[in-house]
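Undergrad: So the chains spell out like this:
2 protein chains.
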Amino acid sequence: MEPAGYAGADTGRLDATFAALADPTRRAILARLARGEASVTELAEPFAMSQPAISKHLKVLERAGLISRGREAQRRPRRLQAQPLAEANQWLENYRRCWEESFQRLDVLLAEMKTASRKRGRPK
Amino acid sequence: MEPAGYAGADTGRLDATFAALADPTRRAILARLARGEASVTELAEPFAMSQPAISKHLKVLERAGLISRGREAQRRPRRLQAQPLAEANQWLENYRRCWEESFQRLDVLLAEMKTASRKRGRPK
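Line by line, the protein sequences give chains C and R. All letters in the first sequence, in the order written, are residues 1 to 124 by this note's numbering. All letters in the second sequence, in the order written, are residues 1 to 124 by this note's numbering.
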């Protein structure tokens, strides 16, 4: 988590993973593929989107290493490749302490507000 | 994790978080701020970058809700806001089963390769 180390080996990979995840359609495609492989036609179905538009998103996901193509000649089903997600998860885990602390501060604040409002509500 | 649910309330927030994380300088800034608040000058120091360039990155992080500005008039120190990271982490956790399965498949494959190479190495 040292700033000096930001030019590490997997920097480009993390860039590509996070950029690929910054779109709701691409995240929805990954959610669909987590349930099993699917052809481009099957992936396009739930979206109000042309097949070329979906293909563009698939290209971004493929370049980021998040999906691969099956060998089956006709359907060329897409498959989820979850390893880059594990790496992104690992990067985020460095900050767990930070968000847990901020949630704790929020809990304390809420408890204080509750006590204060109870005191105000008490008959004098 | 349903594709139909991708237009959920926090979709825009996840978009902004992942887009903000898709850059090594911005990730390094967050890593620095995880160690404590810092002024723009302090944040610019470790980078071979102009202050305006750093300010641009800070704006992206601020818009994504990942940093906030302190009240101290002169320094206006930036502070990490880790809650969006918790949300991104939660989204990724949906895929834990997927990457654990793929790591298990890799382990099996490696074990098979080891056995095969040992068999080849055995004197006949």
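Hints are computed from structural coordinates only; laboratory data are not their basis. Check the hints yourself; a few may be wrong.
Given that identical chains are not distinguished, each listed pair holds provided it fits within a single copy or across any two copies.
As the list claims (entries may be wrong) - In the SDA-like style, the derived pairs of lysine to any residue whose C-alpha atoms are separated by at most 25 Å in a straight line are: (1) Lys114 - Glu101; (2) Lys114 - Asn94; (3) Lys119 - Asn94; (4) Lys114 - Asp23; (5) Lys119 - Ala64; (6) Lys56 - Ala22; (7) Lys114 - Gln51; (8) Lys59 - Glu93; (9) Lys59 - Val108; (10) Lys119 - Asp10; (11) Lys59 - Arg13; (12) Lys56 - Ala19; (13) Lys119 - Gln90; (14) Lys114 - Trp99; (15) Lys114 - Gln81; (16) Lys59 - Ser102; (17) Lys119 - Gln74; (18) Lys114 - Ile54.
Undergrad: It remains to establish, for every hint, whether it holds in the given structure.
TA: How the hints compare with the structure:
| no. | hint | verdict |
| --- | --- | --- |
| 1 | Lys114 - Glu101 | within (20 Å within a copy, 45 Å between copies) |
| 2 | Lys114 - Asn94 | neither (32 Å within a copy, 34 Å between copies) |
| 3 | Lys119 - Asn94 | neither (40 Å within a copy, 42 Å between copies) |
| 4 | Lys114 - Asp23 | neither (39 Å within a copy, 41 Å between copies) |
| 5 | Lys119 - Ala64 | neither (56 Å within a copy, 37 Å between copies) |
| 6 | Lys56 - Ala22 | both (14 Å within a copy, 19 Å between copies) |
| 7 | Lys114 - Gln51 | neither (53 Å within a copy, 43 Å between copies) |
| 8 | Lys59 - Glu93 | between (28 Å within a copy, 24 Å between copies) |
| 9 | Lys59 - Val108 | neither (46 Å within a copy, 30 Å between copies) |
| 10 | Lys119 - Asp10 | neither (54 Å within a copy, 35 Å between copies) |
| 11 | Lys59 - Arg13 | both (15 Å within a copy, 23 Å between copies) |
| 12 | Lys56 - Ala19 | both (14 Å within a copy, 18 Å between copies) |
| 13 | Lys119 - Gln90 | neither (45 Å within a copy, 37 Å between copies) |
| 14 | Lys114 - Trp99 | within (22 Å within a copy, 42 Å between copies) |
| 15 | Lys114 - Gln81 | between (47 Å within a copy, 24 Å between copies) |
| 16 | Lys59 - Ser102 | between (38 Å within a copy, 22 Å between copies) |
| 17 | Lys119 - Gln74 | neither (71 Å within a copy, 38 Å between copies) |
| 18 | Lys114 - Ile54 | neither (49 Å within a copy, 41 Å between copies) |
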